[in-house]
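Work out the full structure: start from the sequences and follow the hints.
In the order they appear, the protein sequences are chains X and U.
Here this note's numbering runs 483 ahead of the position in the first sequence, where the first position is 1.
Here this note's numbering runs 483 ahead of the position in the second sequence, where the first position is 1.
Be careful, since some hints might not be right.
Copies of one chain are not kept apart here, so a pair can be met inside one copy or by any two copies together.
The calculated lysine-lysine pairs, modelled on DSSO-like cross-linking and capped at a C-alpha distance of 27 Å, are [stated by the list, open to error]:
| hint | residue 1 | residue 2 |
| --- | --- | --- |
| 1 | Lys726 | Lys676 |
| 2 | Lys726 | Lys682 |
| 3 | Lys676 | Lys801 |
| 4 | Lys583 | Lys510 |
| 5 | Lys801 | Lys510 |
| 6 | Lys568 | Lys676 |
| 7 | Lys510 | Lys676 |
| 8 | Lys809 | Lys682 |
| 9 | Lys809 | Lys676 |
| 10 | Lys510 | Lys655 |
Think of the hints as simulated: they come from the structure by calculation, not from any bench.
2 protein chains.
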Amino acid sequence: MSPKGPRPAPGALATLPVAVDAMGGDKAPGEIVAGARRAAEENGIPIVLVGPSDLVGETGGLDLVTCTEVIAMHEDPAQGVRRKKDSSLVRSAELVRDAKASAMVSAGNTGATMASALLRMGRLPGVIRPCIATPLPRLGHAPAVLVDAGANAECSAAMLVQFAQMGAAFAKERYDIADPSVALLSIGEEPTKGNPLVKQTHALLAAGDTGVRFLGNLEGRDLLPSAADVVVTDGFTGNVTLKALEGSLRFLLETLFAVFSTDEETTAAAEVLLPHLLPIAAEFDPENTGGAMLLGVDGVCVISHGSSSSVAIYNAIKVAHDLATKGLVEHLARAVAPA
Amino acid sequence: MSPKGPRPAPGALATLPVAVDAMGGDKAPGEIVAGARRAAEENGIPIVLVGPSDLVGETGGLDLVTCTEVIAMHEDPAQGVRRKKDSSLVRSAELVRDAKASAMVSAGNTGATMASALLRMGRLPGVIRPCIATPLPRLGHAPAVLVDAGANAECSAAMLVQFAQMGAAFAKERYDIADPSVALLSIGEEPTKGNPLVKQTHALLAAGDTGVRFLGNLEGRDLLPSAADVVVTDGFTGNVTLKALEGSLRFLLETLFAVFSTDEETTAAAEVLLPHLLPIAAEFDPENTGGAMLLGVDGVCVISHGSSSSVAIYNAIKVAHDLATKGLVEHLARAVAPA
Chain X
484 MSPKGPRPAP GALATLPVAV DAMGGDKAPG EIVAGARRAA EENGIPIVLV
534 GPSDLVGETG GLDLVTCTEV IAMHEDPAQG VRRKKDSSLV RSAELVRDAK
584 ASAMVSAGNT GATMASALLR MGRLPGVIRP CIATPLPRLG HAPAVLVDAG
634 ANAECSAAML VQFAQMGAAF AKERYDIADP SVALLSIGEE PTKGNPLVKQ
684 THALLAAGDT GVRFLGNLEG RDLLPSAADV VVTDGFTGNV TLKALEGSLR
734 FLLETLFAVF STDEETTAAA EVLLPHLLPI AAEFDPENTG GAMLLGVDGV
784 CVISHGSSSS VAIYNAIKVA HDLATKGLVE HLARAVAPA
Chain U
484 MSPKGPRPAP GALATLPVAV DAMGGDKAPG EIVAGARRAA EENGIPIVLV
534 GPSDLVGETG GLDLVTCTEV IAMHEDPAQG VRRKKDSSLV RSAELVRDAK
584 ASAMVSAGNT GATMASALLR MGRLPGVIRP CIATPLPRLG HAPAVLVDAG
634 ANAECSAAML VQFAQMGAAF AKERYDIADP SVALLSIGEE PTKGNPLVKQ
684 THALLAAGDT GVRFLGNLEG RDLLPSAADV VVTDGFTGNV TLKALEGSLR
734 FLLETLFAVF STDEETTAAA EVLLPHLLPI AAEFDPENTG GAMLLGVDGV
784 CVISHGSSSS VAIYNAIKVA HDLATKGLVE HLARAVAPA
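Dropping the structure here:
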């Protein structure tokens, strides 16, 4: 493993390519390469694809860093990263580590993406554990940020405080929210409500020396739309809640569309309503959100969902390039080590 | 405190009245009394209202057990129950304990309802902690049951196993599901996925001697509609998830209705669709579900939501009477002590 050099300055990062795991996701490599080409052509973002050249195929003129292995979607993450040192995921993380890429984007195996980023880029100084930040749509407003959306099934209060700090720094850079409000997901607004982890975390955040603007506890009913800019929770609760929301949204949408196609009359009515409904549905569509972000590693790492089409990859690359250029990693490092 | 006598036989319970806390909920006593009167008049269910006679007012011929105190909606539950021994909640629980009522129903302070039931009725033999069972709608099918929906913020694996056993017994009696399937809420289907509590619980349930038909882990995305008849989780995760689902459903419904009222054309389209949408909305409406049920105390206790109208109370009373008559408590007692 190469030793990690000093982090490139944000200005330098803007000229570095975004490393795109061409083999990640259910629709790889076709949709991945298409999304990367669009980001290069329409936005002039420098790109380097990573993958075995025979599998990736035509890159449309994009640079390719070749490798020989691919970690499959449902492969054991730790084993995959340990055994497949020449995989597209591990090589993508190494490009960031070696200052040959500004950021990495993958729609592949989430656990293996986290493990690759953590093992190759390393943690930011002082960070106990990285976490996943996921957008929570708020119609007509900037999304809120949920941390941790699933990186850590078991958390300590000190970890949750860092998630709050990193989540706020991320919300500021990602959504231009000047002084993001932070709330703790719990089962009641009172500081005494919750499990031991939540009560301890509440006490630490309320003490006021963490650098975040802490609103207090937030209940599940205030999650969509979120009453706070950043919602902090452990990765178990965060993952269960996020997936429950995603699943119910999908179910309701399917139910609504089934009603629309009942008969000719309902189909005609649906045609009147669809122009109003589609922009709303678009705000909830993970294709448009730019993906989730791994916070706390020494590099920018965007985790796109497994079913990403070229649109999702295009958006994820834009977000990755933008945040690398803005020096997200520096901001995160400062957030967890307030003066 | 009177000593607890032997539990009346289910046959005897059918002739006992349901004790209805006339002062519980945001719309008490008006809507509560109205719902109780309807249950008595339309369904012939014997009812006894509980509350201060000057506050309850006209009972429409229903019996009233008078008391002098009321525990407020946001009063500290433990303190309320300790200090207000002559409150409508405590007296309702005592009527069940003393075999003067078959069941109790309250839309009041949830924590105080649990505390009253637990302290006055007592736990069933062997039950570590009671839990709250809440219906999860499955359109066109019997609802699934979520346990624990919020009684216990902190749980052990042994508690979760009992929640599974009681939840299955409840699903059988409440929804006539012959052999309910049980799943454990987690962040992945594999037994190795989850926090330590979930992994321990998975091992106990998979061992196969608990008397429940265990399917394995279930992810948040499979919660609405639920892939299992009973979903087991700790009360923290259960409460956060349930409220997140309730909040997002309300938000989406409001969003949909806002679109409907955009202009004349959308209003006309909405009129075509509403006859199809309203039956679906009704299945999600907590007014129609019959409320949540406290499982594991030595008596039937239905917890109706705080904003209950007469319809919700009417449905809750029907459920309480039905389950008391079916001997729910006996079934729960047997479920936690399999031969």
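Against the structure, the hints come out as follows:
| no. | hint | in the structure |
| --- | --- | --- |
| 1 | Lys726 to Lys676 | both (24 Å within a copy, 15 Å between copies) |
| 2 | Lys726 to Lys682 | both (24 Å within a copy, 19 Å between copies) |
| 3 | Lys676 to Lys801 | neither (40 Å within a copy, 32 Å between copies) |
| 4 | Lys583 to Lys510 | within (26 Å within a copy, 65 Å between copies) |
| 5 | Lys801 to Lys510 | within (19 Å within a copy, 52 Å between copies) |
| 6 | Lys568 to Lys676 | between (46 Å within a copy, 25 Å between copies) |
| 7 | Lys510 to Lys676 | between (44 Å within a copy, 25 Å between copies) |
| 8 | Lys809 to Lys682 | neither (35 Å within a copy, 41 Å between copies) |
| 9 | Lys809 to Lys676 | neither (38 Å within a copy, 36 Å between copies) |
| 10 | Lys510 to Lys655 | neither (32 Å within a copy, 43 Å between copies) |
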